[in-house]
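Residue numbers (this note's numbering), protein chains in the order written: chain X, 1 to 437; chain V, 1001 to 1449.
Treat the hints as calculated values from the structure; they're not laboratory data. The reader is advised that the hints may include incorrect statements.
[As the list claims (entries may be wrong)] Straight-line C-alpha distance at most 35 Å; calculated DSBU-like pairs for lysine-lysine:
(1) V:K1077 - X:K272
(2) X:K192 - X:K345
(3) X:K14 - V:K1016
[Unchecked claim] The following residues of chain X were derived to be distant from chain V, with all beta-carbon distances above 12 Å:
(4) E112
(5) D131
(6) E140
(7) I148
(8) Y152
(9) K250
(10) E281
(11) K292
(12) E339
(13) V372
(14) K397
[Stated by the list, open to error] To be clear about the criterion: a stretch of chain V counts as covered by chain X if any three or more of its residues have a C-beta under 8 Å from a C-beta of chain X, and this derived list gives those stretches:
(15) 1040-1053
(16) 1118-1126
(17) 1139-1152
(18) 1375-1384
(19) 1399-1412
(20) 1433-1441
Virtual Cβ for every residue (Gly too), placed ideally from N, Cα, C.
The primary structure of each chain is shown beneath.
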Amino acid sequence: MRHHRREMLTITVKDGKMDAVNCGVTEGACARVLIDGSWGFASTTSLEKKDVTKIIEDAASLARASKPLKKRRVDLGTVDAYEDSYETPMHKDPAKADKEELVRLAIDVDKEVRSFSPRIVSDNVALRIIDDKLEFLSSEGSRISQRIVRCYGGVMVVAMEKGSIASAYESIGAQCGLEILDETPLEEAGRKAAERADKLASARVAPGGVFPVILENRIVGLLAHEAVGHCSEADLVYGGSFLAGKIGEKVASEKVTLIDDGMFPRGFGTMKYDDEGVPTEKTVIIDKGVCKGYLHSRETACQFNVKPTGNARAWTFEYDPIIRMRNTYIEAGDYSLEELAETIKDGFFLKGGLSGQADFTGEFMFGTQEAVKIRNGEFAESYRGVTISGNAFEVLKNVDAVGKDFLMRIGMCGKEQVNYVGMGGASLRTKLLLGGR
Amino acid sequence: MSLQDRVEYAVRKCEKLGASEAEAYAQKQRVVEIVLERGEIQSERTKIHEGISVRLVKDKKLGFAYTSTLSEKEIEKACEAAFALARASAPNPDWISLPKTAETPTSPEGIFDPKIAELQGTDVLNLAIQAAEAVKEKDKRAAIDDGKFTAATGETAIANTHGISCVEKATVFSCYLVCIAKEMGKASSMVFEYEITRSLGKLSPTQLGEKAAEKAVASLNPKSVPSFTGKVLLDTDPAAAVLAYTITNSVNAENVQRKRSLWAEKIGEEVASPVLNVVDDGLLPFGVYSSAFDDEGVPRRKTEILTKGVLKGFLHNSFTANKANTASTGNAYRQDYTTLPTVLSSNMIIQPGDKTLEQMISEIDKGIIVRRFSGNVRPESGEFSGIAKQASFIENGEVKHALKETMISGNVFEALKNIVAIGSETRATLYRAYVPPTLVDNIKIVSKH
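Next comes chain V alone, as it looks inside the complex (with noise of 0.2 Å):
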């Protein structure tokens, strides 16, 4: 049985079980991974990740099972747990309807690599071996403390009771390395350096070592600086950390609805400085995050979030579009096949500018670079406060000297109006989004000084 024959084996089943309407999730992942610990090979691993899910409605009432076991006899067992949680659960008045789409999902160019696909432990390990060893070139001083390379290949079908039924293939190789480096028996703060790709041919294990390297030798021998109110740069890693996490939060259907979104009612106003545009593309070719549908098989789309600065959409699954009157934007997610859906963002894109990260520094009379950033943001209030990480003073258009204990502190919302410039260099973070290195101006910059 295909892992689609299993999806609408199990969809039939809830049917004959007595639902009102169901839906079945099945996931498929082959994963090899090598962890690094102290420059050294601490593991290998391959393991197949494998489950199906049922999410069962009768009368309003929803139950939800799972199973890590793809038998039938499983299958069954999950279906009919989700018809008993259903009927033990209390109804939902909101509940309208799982999705229905006329619509056929084409796969986005570029989401399946059969290079990642066909990787064995020993290729894996050979990569993450040129990365350390690209550390130890560029730097006697620096030195790896862990990192993990994994490469994944999964395939992903869903089925329900409306007609829907796809199933997708897709690779991802992602890596990180955690680099400190050592002077005179004093100890850089540690960098957390990463690469995500979608394909093989994208990625530079070697890169990867260095650009690790240089950050960690780079923040060595740091001084503080007194506290003042100014311009920060945010790395890539940061601006999304702090940025983009924030706009993701606050487009979300389900916090809109929730009262959880402070831009609930903004649509059509500038909530941003003019420079920043946003869109979520899901069908972005060779995104990190592009798929021919989402968690609930609706098809992938674009859709505007930011234009100059103006609010122009929110990001919905089936649910919260149901409750809005409006279609789906196709943005269903689930963590795997153990999780309900909720909202999430595809790609969530911040348009590059035009400047590089040398001309946006040579552009600042004074203000800090942060290359990592270590604290809590929370996405309802805007509030953000946290350790600037591999952070840089900037005087006069140049990097002077590596920064020691410093904060930088915030509200986000008034941030993403104070933002000066956006760079060029963008790259696939973390955060499921695309985010270019970003200059804000108006931080409160906290040191002990």
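Chain X with its partners taken away, still in its complex shape (with noise of 0.2 Å):
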């Protein structure tokens, strides 16, 4: 069973002008229930006693109704039990904030942005505090509690030059206080997206074609994620996913090392125990491009016959957990970026990701903001960003140098149902299709 009670603030400013201070509470409780190998899951916002009685037994007929149906029986093996409780690691917590200094800041970087240069004309700066209380409990044993706090915020800037429109998107964020708004300031961010908006507005869409590419630490975190991250995913494995049958076997260049982390320090994805009470740990994908393991939960960490890696989540108490990244990265080389570029005869510097999407075979496309030429080794004018494809085993395979750049960044995922996760990585060098005119 658990119980889950989540506050949100969210402070949004468009155009110089104040939108609604936004701050509510969802709470409730759910139970899930294996009956001789078959799930049932039932959840309820009422916590009153008679309701809660009610979830279990409607777990519980849902189980023995589609027993019948299910060709499977699922095994969970046996785990620890633990009786612990953890708390984000914070210097300001925001459940002291002073909101109507948070308003003060949004506006404040909405002033800054807007007059960064004629040619802006709308922007949205958007702030956002997620307070989880988190309450697990198994009838094996354990009792568990957790807060997880969560800090982010976001700029959205759109410029316009002679009925040419452009946009771009900054964030910052991590699982901590507030202390994140000192370190990185929304004001930076908002300058940055300022200032590419304002560039792109009057430039032209890359060409499209196959070329040799640097893609930023921000890309590279999504690709990850979404391209190799999905892949490693004991579910998809088991359904035949690229990675599946490949332990052991070479999958990217040797450069490539990649992990996925549940303790990673700050990680959007950070938890100290997923939500079937399983410890998180720090799992190894890709080893030097050699494929060593695959994320779990209790149930596939028993078809597969090795230990549960923590990777079990869910959004919120409405659903059931299913294998999620927690914080997934590549992990960085000693390249700097004019290093990376000096070998590029003709080529783009690809920055600012967009959303994206993959197969599980590895295909994948990506949206970036900014593509900036690389011409003999110098980087030199800069286009607006195109979409981004190929697989990423392949792209993985033509990887020859990684950067030191490394930046773990925020992330949402959506699989079935929508997660906060951790992407990292640090700029590399590879090729790949752009999707340009």
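Could you use the hints to bring the two separately framed chains together as a complex?
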């Protein structure tokens, strides 16, 4: 059984106008019941004893009813029971935040963004605090409570030049308290977004075709997560993903080491225990190009006869836990950006990730915000970003250098249900297909 | 207390606190869900999703608070929180008023189906199994990767200090399958096939499964062709993702007023091919996005968007309408009770033409058909680029072979002018739009070849 209380505060300024300050609470409980290898799940927003009892009954009757229709019996194996509590380490607890001060901050960032250039026509500044309190109880004897706090913000800027519009987006955030706003000021993200939108308003779209490229650290995080990470989720491996049956095989260049870490300091997906009460760990997926392991829930760990890795996560009490990444990253190398560009005669430096999608075959596509031309090893003019695509493992095989500019960014991942994840990496050099004009 | 009693209670509480204006929105939803994974039932859930939110105005300062607990005590707390937040906020000089309306909204036909409301977990499970069986029977090479079958029954109530007080019940059944085909150790691209409907009678899980399997198998053995610029036949879903999505964003009055729409100054101008007719109809019978009133309690209506390619109108909620000194078109939208209203389409309908998909293909000398688009569309600039999934090469009026690693790119505003033909087989898409297959010329087709 899980109990989950989520407090959320959102402050949004649009074009210099204060939108409503939004705060709220969602709270509820859920029961997941395993009867003779068949799962049933039910949730409720009412915490009265009769309603909580009812979800246990509902879950049990679902489990019994669907049992004859299920081919496979679920076995969870055995795990240790834990009685423990955990709280996000932080210096400035947002529970004590001065809301008026946060409102002023958002208004100031908006002002600065709009005064950046006369071409800036519109902007959004958003600040959000999510405070999750999670309780986990199991019939095996676990009692775990966790408090996970996430603070983040984003600035979206639109610039216009002679009837042509360009937009740019930058975000900041981490799992920590409000100190993140001092360390990585939202103003700076705003300035970066404004600079980019302003510059791209008069820029053309990059050409299409296969090119040698440098992928910026923000995009490498996306690649690590979307295109590679998902293929290592044991439920997808079981379905025949690209990494199925490849443990011990070379799947990427030896420059590539890829990790999914459940306890990465300040990672957006960090938790001490997952939503099945399993302690999270640092899981090596690819070590110097060789596939080492998969991400597991208790159910798949038992199927694969390995230890669960603590990757079972649920978005809220309305969902049962499924295998999700936590903080997925490609380890840094030692190249500077200039050194990465050195060997590229005719290519692009792709910056600023937009949303992406990938199939479990490793085929992926991501949007990019900006494509900086690289000519004879030198950074030149900027183009509007285009969608890039390819097979992630081909792209990773072609990696011949990894930068030292490691960055762990925040992300939202949608896999049947959404969740917060960390995506990290350093800029790297490879080649891929640009869907330009 | 009924749901309507609760929103009225919240509004009265806000008045007592000293609010200039207030509005309450409450929602109660029962969801029965079956999740398939690797062709097996992975989980089944029943859940009650409910809550109430309060939007409160005090001297042009806005506060908003919500709670998932519908008790009087928690409702009072939310009202107090909204009041405190309004005081902590800064005034919005553009604020005029919450909506006032004298009209009594009536529910369009066919948005509540008692058969969906009565579905139990095992009933939904049986529908999922029908679809799974259909995939297997259609073609041995096809298999389900994952899928979800959801029956939702919802009730929404809205009240405000200007006398709006309304309530409505609706049902919707939605389901999707992700399907993949394998042959000689090679996998096809992933097919995403879905169905969304207001009435159970219109749902065919078997057809869904067959379509998914068919598309997966058709994308086996792909070949690449050299890059070219030419005709792209967008099937319903990619046409919605690229074209309807951009139209919806461009006629959204919030984007218009915030200079994020290239159509801001173009009412009365020809912005698209004359074959294109588009309306937003919130009262469409059996419409998946139909309702009696929008998410501010303003009655839904039909709004002309494009007539023979000429831009006719924009979509408003009460805030943008007040700002433009016009009437709301009943297009206020909230994702759920936890969010503030924005502007969105109801049923954005691209009027179908008279040709079947086969006829459209037979008239293409050289081009491609795209059955899914996995890419980015930037509605402000109109730029789009992405992978053409389950795409096939068409030559001399015939589908020749599946395409490998092909991307399409262009600008939607140019593409809208280059629409050559619109198909007759329309459907409800996930983009709050009813869209038929659409043939567009002059699109860049980029291949690795």
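Review point. The region 1139-1152 of chain V covered by chain X? Criterion: 3 or more residues, Cβ-Cβ distance below 8 Å.
Key: Per the Cβ count (3), the hint holds.
Check your understanding: Is the Cβ of E112 (chain X) more than 12 Å away from each Cβ in chain V?
Key -> The claim stands: E112 (chain X) keeps its Cβ more than 12 Å from every Cβ of chain V (closest is about 16 Å).
Review point. Straight-line Cα separation of K14 (chain X) and K1016 (chain V) no greater than 35 Å?
Key: Holds - the C-alpha atoms of K1016 (chain V) and K14 (chain X) are around 30 Å apart, at most 35 Å.
Review point. Can we trust that E140 (chain X) is non-interface, i.e. its beta-carbon lies farther than 12 Å from all of chain V?
Key: holds (20 Å)
Check your understanding: Taking 35 Å as the top limit, are the C-alpha atoms of K1077 (chain V) and K272 (chain X) close enough?
Key -> holds (32 Å)
Review point. Do at least three Cβ atoms from the region 1399-1412 of chain V come closer than 8 Å to Cβ atoms of chain X?
Key: Since three or more residues must qualify, the claim that chain X covers the region 1399-1412 of chain V holds, with 5 doing so at under 8 Å.
Exercise for review: Just double-check K397 (chain X) for me: nearest Cβ-Cβ distance to chain V has to come out over 12 Å.
Suggested key: holds (15 Å)
Check your understanding: Against chain X, does the region 1118-1126 of chain V show at least 3 residues with beta-carbon separation below 8 Å?
Key -> It holds, with 3 qualifying residues against the three required.
Review point. Checking the smallest CB distance to chain V, is I148 (chain X) really beyond 12 Å?
Key: Non-interface label on I148 (chain X) holds, nearest chain V Cβ at 18 Å vs cutoff 12 Å.
Review point. Would D131 (chain X) pass as off the interface with chain V, using Cβ distances and a cut of 12 Å?
Key: D131 (chain X) clear of chain V: closest Cβ-Cβ about 14 Å, beyond 12 Å.
Practice item. Decide, holds or violated, for the assertion that all CB atoms of chain V are farther than 12 Å from the CB of K250 (chain X). Key: holds (19 Å)
Point to revise | Non-interface claim for E281 (chain X), where every Cβ of chain V lies beyond 12 Å | key: Given that every Cβ of chain V is farther than 12 Å from that of E281 (chain X), nearest at about 24 Å, it holds.
When held up to the earlier numbered hints, the structure conflicts with hint 20 and nothing else.
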